[in-house]
Every structure is written in C-alpha cells, then in structure tokens.
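For this one, chain A is given, so just place chain B on it according to the hints.
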Amino acid sequence: MKILGLETSCDETSIAVIETDGKNFKVEKSIVASQIAKHAEYGGVVPEVAARCHVDVLFPLFETIGIPRDGKGIDVVAVTAGPGLVPALRIGVEAAKALAFAWQKPLVGVNHMEGHVSSVFIEGRESEPAFARGELRRGEGEVGIWPEFPAVCLLVSGGHTELLLMKNFCEYELLGRTRDDAAGEAFDKVGSLLGLQYPGGPKISEHALLGRRDAVNFPRPMIDGNHDCDFSFSGLKTAVAVYLKLSPTLPLLKGGSLETPPLQHSTTSSLQDVCASFEQAVVDVLVEKTRRAVGKTNPKSVIVSGGVSANKFLRQEMKNKLSPLPVIFPALEFTGDNAAMIAAAGFFRAERGEFVDPLVLEADPNLRLA
Amino acid sequence: MISKSLEETKKIAADFALTLQGGEVVALEGELGVGKTTFTQGLAEALGAEGLARSPTFTVMNVYPAASEKIKTIVHIDAYRLRTPNDLLNLGLDEWVGRPEAIVLIEWPHMVESAEIKADRVVKITTDEQMNERVIEIE
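In the order they appear, the protein sequences are chains A and B. Residue 370, in my numbering, is where the first sequence stops; the numbers in between run on with no holes. Residue 139, in my numbering, is where the second sequence stops; the numbers in between run on with no holes.
Next up, chain A with everything else stripped away, as it sits in the complex (with noise of 0.2 Å):
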C-alpha cells in the first residue's frame, strides 16, 4: 500500500508517501519544510520558511518532491486531524480532503500522537545526507527490532508528554500526562534562561556532556512519594531561574553569547554543569515515570517518541535502567515532528477500513488517541 502523508498540527510542513506491506515501512519521498534549508538542492523552489507557513508552502512541497497531480500510484491519503493548532490543521486537512476528493481515494484522519508512536515502525533512510550511517536503523541499531505488544510508549516532545499503554494496534490506554509543561518546553525554557539560541534543547545536550550531572540537585516533581504516571515539569523550570538568579558568576538571563562560557572558580557551577545537572533531572523523571508505567502494565517492550526522544542521553539512560525490556526508538530523521510517521499511522487506520469522507472530515486540536 502506498499512502501520501500529510502533517501541519503546529510549526511544521511536512509531506511523505510511504509504501508499506504491513512489515516494512519504506520512505519513498519525505520533506519537512524546516529542514528545507540544509538540502541545497531545494533552495530556491521553496519560499524561506517561518514557523506556521503551511499555506505559502505546502504546494510547493508538493512540487518539490514531485508527487503525481493526478495522485497516479497512491493508494490512501493520511493527513493529521488533530491534536494541534487549529488555522494550521486546517491547512493540511483541507488540502487532504481535496486531493482524496480529486483523486477518488480514500481518506484516513490521523491523531498526531498516533503518528509519533508509528514512526518507529519507519525505517531509517541511510542516503539521508544529514545523519551518519548507523544511526538510521529502526531501533537505534537494531534492525528488524518490532514492538512486540503491549508496549509502553513515552511521548516526549515541546508540546506534550505522555505515558500510553499500546495493548495493540490502534489499541491504546492512557496512563499518565503533564499536568503543566511539557519535557520538550522544558529543555527550551531553560535553554532561554540560559542564553542560549533557539532551539536550546540541542544545544544543553551539547553542554551537559562536558558537565557533572550531580553538581546541582534540581528537584525531579512528582517522584518522591508519589505513585502515579502524571508529570510536571513547570516546577523544575522555576527551580533552574531561583538557581541562576542566586549565582551571580554564572551569566545572566538577558546576557550575551553563551557560546563559550567563561572558566568557572571550581566550588561553582559551570553553564555545563548547570546543564547536566537539569537534563539528569529530567531525564530521571522521564526514567522513572516510565518504569512506575512499565511496572503496572507489564508490557513486552517499551517505545520513546516525540522530538525529545532524539537526545542521545535519554537513549542511553532508558535503555540502562528498563534493560532487559527492549526499548524502541524512532530513526532520529523521524522523531520530530514529521509527515512519514502520519504515513505509516494512517496504513494502520486504513488496514481497519477507518476511513473518513472527504466532505466531512474536520481538523480537531484536542483530537485525544486515549
């Protein structure tokens, strides 16, 4: 089956087609418009991006990766309903409807969150210029790894942070969520109280390893004391600004460039360590509402999606402290947000004849998978 992919929930434009027999998933075309800017070869057809362009940009994708006008070859279309920013679903899945419409194809409605949990049945594209070779495999390394079900699945990503149990395909329960932030915004705000330039996930990451994870004790929320699957990270977040605010030699929230920060008197903490020290925190959140899940469900693998589940020391620490359980990871390509995930998710969908009408379907952001 050959599905076209469809994904503009919030900041992204992206599109994809997948061809799939159910076991294997294989990128033919994928373009996420935010990444536009590193493939030369694009430049020049596709308008400069900003955030939420969908409209000025998504037929231009169309062009550029040169899906057929008259939808020759493609056997479903997948465009994410919902959850998301409505003006910007809006766009997707009013172009979805029409291009189903026009073609005479049916149509699939896919939860984003559904699309985050499908992308780690994607295979990983090793001709992707932008990553090395070995890291592409589905399963971080582990080619052919499969969730076996149930499965437990961290979403983690800037606007959400979710714990589900998946006792199936398109079988899900929903076991635990933020109650304020989401890991993601975390990792931005504290990267913006830091300095540093947007995106300032990444780039803690980068600082964090050449910092001691134990040299500030930030609170981990909800851990102590508490036994259920909720998370919060918006206390952990104001715990970082009371810290920087009282360390006067560490640079201030409306300083300069962080880039290289200066040497620090060795009894205080470094921009480093001040990093690692909240990225442990964090990802020992993460870790623990994660086994607390694992723990009441007891799945047969666990599966870490979303933008957040690119950093390579939640990897490491899932993967530590869930062993044995496997723990599935998306190719890094597929863990933001991306339109071969709402590819793969709709091939789900549409093998259970979940399909919608073109005139009828509408974007809906609180669109809930459980």
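It is possible that part of the hints are untrue.
What the hints assert, rightly or not - Some but not every residue of chain A turned toward chain B, in silico, with C-beta under 8 Å:
| no. | residue |
| --- | --- |
| 1 | Val86 |
| 2 | Gly159 |
| 3 | Asp181 |
| 4 | Leu246 |
What the hints assert, rightly or not - Far from chain B, by Cβ distances over 12 Å, these chain A residues were calculated:
| no. | residue |
| --- | --- |
| 5 | Gly66 |
| 6 | Glu123 |
| 7 | Lys189 |
| 8 | Lys321 |
Read the hints as simulated data drawn from the structure, not as lab findings. None of the values given here were measured: they were computed from a predicted structure. Think of the CB as a built atom: it goes at the ideal place given N, C-alpha and C, for glycine as much as any other residue.
Just chain B now, with coordinates in the frame of chain A:
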C-alpha cells in the same frame, strides 16, 4: 495581592474569574516561572473548565470548554514563541475576541498592542530574587 504558593495563586485567579462577564481579553504578564499558567489553571477551574489548563507554549493556543453562567469557552494563548502581530492574528482570533460567552487569555502579551487587540484586563505577576512570593496586580 501576595501569593506564597501555587494554591494561593489559583485562589486569587478563581476570585478574579468570578469578576469576568464574558467577551474579555485578559493579558497575563510576568517572567518565566512566576505562575502565569498556574493562574490560568485556577481561573479555568473556577469557570468549570473540563480538564486541566496546560502550558500552551508549544501548542500556541488551547481552547477549554467551560461551564460557568457567563462563560462557556476559555481560549488560552501563549505568545512566547510568536514573532509578529500576524502570528497572533493568524490564530483566527477574530472568531473569539469579543464573543460574549468566551474569554481570551494571552500569556506573554507583548504582541497584543501591535496586533491591535485591546486587553480589557491586565494581570501582572512579579516576584523576588528567591521566587518565594508573587505579587499579583490586576487592572
């Protein structure tokens, strides 16, 4: 008003919620960590919102159905990641601003004036170095 805890912030917000008539735009100002989203949680709960108000930093706009006498919808916006007034306007705000049974709450409202949206109420939250207490001023 002084708040020394999350609960106190929510209580102040709940009291404020009861003064709303519907149709207002509320600007919510304060630096990272002062409790803008906490305030919104207290306000939303007081208005009978379904579910918890969560940070809209990445989602940009969250819409919560409410169940108070005057207010049936709370639109919770976070302009933290927005860069131009158009970013705010493109959210389809004209569907919500001024609608009698809805209120629009905007965190990081720096865009509001330049987008020519008038804030009917302004909530300013400030704090000290240690971030132990919050001072909440409401206009």
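* **Hint numbers not upheld by this structure, sorted from lowest to highest** => 7
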